[in-house]
Amino acid sequence: SQKIEQNSEALNIQEGKTATLTCNYTNYSPAYLQWYRQDPGRGPVFLLLIRENEKEKRKERLKVTFDTTLKQSLFHITASQPADSATYLCALGGHASGGSYIPTFGRGTSLIVHP
Amino acid sequence: EPEVTQTPSHQVTQMGQEVILRCVPISNHLYFYWYRQILGQKVEFLVSFYNNEISEKSEIFDDQFSVERPDGSNFTLKIRSTKLEDSAMYFCASSPDRADYTEAFFGQGTRLTVV
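Chains as they are written, first to last, in our numbering: chain C, 166 to 280; chain U, 21 to 135.
Treat each hint with caution, since some may be false.
Far from chain C, by Cβ distances over 12 Å, these chain U residues were calculated [stated by the list, open to error]:
hint, residue
1, ASN71
2, SER78
3, ASP83
4, ARG100
Using C-beta positions, here's what the derived DEER-type ranges look like [said to hold, decoys possible]:
hint, chain 1, residue 1, chain 2, residue 2, range
5, U, TYR70, C, GLU217, 21 to 31 Å
6, C, VAL210, U, ILE40, 21 to 31 Å
7, U, VAL135, C, THR234, 14 to 24 Å
8, U, THR133, C, ASP204, 34 to 44 Å
9, C, VAL210, U, PRO28, 35 to 45 Å
10, C, ASP204, U, SER93, 37 to 47 Å
11, U, ARG100, C, THR183, 26 to 36 Å
12, C, GLN179, U, VAL44, 20 to 30 Å
In short, the hints are calculated from the structure, not lab data. All residues carry an ideal CB built from backbone N, CA and C; glycine is no exception.
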């Protein structure tokens, strides 16, 4: 069955550094991948969407890469700030024509940015 | 900024009782979703709703669950006879288009506690 793996250990970094979070998947060929931010006790907030034919997407301090050969996405936050501290979720979805387009979520990785 | 609203924020119910969780999606959105998140675990898809009918559902969404869009604004999730393992955070989400084209906007969730 398909598996989405995100590092369960929290990532601790210093303010100003670049945070890099990883999302690996197996037994799956997603059509797209999304990244969400989730704060404790709150709903996920969408950040970026990248499709299978795209290698990289940027939005302000955020950058996402998508390597379908390695079956991996990297999520970067540059010039990180304590306000970036949250859990980051990756979600993958398939082709609507081939089955479900609904995104399946990973467990998320907690990011802690220290001042 | 438009947002998805969910009520109540917290619901405590006795095992075996029926509960209805309510959501008001963003007004011009066409796709509606329910997800749940058991404490400390990943966000899990329950059901999607489009054009006044269920478009997809997961294995979790068994006969105990039902969804309705009783009017032009509300979207409800009913659990007929709650079990202890139904205790979770339930998130409603909506999107203007299919999830493979655009982001989903999540509400703040209803924390359901079954005792």
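Verification of the hints:
1. ASN71: holds, 14 Å
2. SER78: violated, 8 Å
3. ASP83: holds, 20 Å
4. ARG100: With a cut-off of 12 Å, U:ARG100 remains clear of chain C, as the shortest Cβ separation is near 23 Å.
5. U:TYR70 with C:GLU217: 21 to 31 Å: holds, 23 Å
6. C:VAL210 with U:ILE40: 21 to 31 Å: With a Cβ separation near 26 Å, C:VAL210 and U:ILE40 satisfy 21 to 31 Å, so the hint holds.
7. U:VAL135 with C:THR234: 14 to 24 Å: Given about 49 Å between the Cβ atoms, the range is violated.
8. U:THR133 with C:ASP204: 34 to 44 Å: violated, 20 Å
9. C:VAL210 with U:PRO28: 35 to 45 Å: violated, 21 Å
10. C:ASP204 with U:SER93: 37 to 47 Å: With Cβ atoms ~27 Å apart, the hint is violated.
11. U:ARG100 with C:THR183: 26 to 36 Å: Violated: the Cβ-Cβ distance is about 49 Å, outside 26 to 36 Å.
12. C:GLN179 with U:VAL44: 20 to 30 Å: Violated - the Cβ-Cβ distance for C:GLN179 and U:VAL44, about 41 Å, lies outside 20 to 30 Å.
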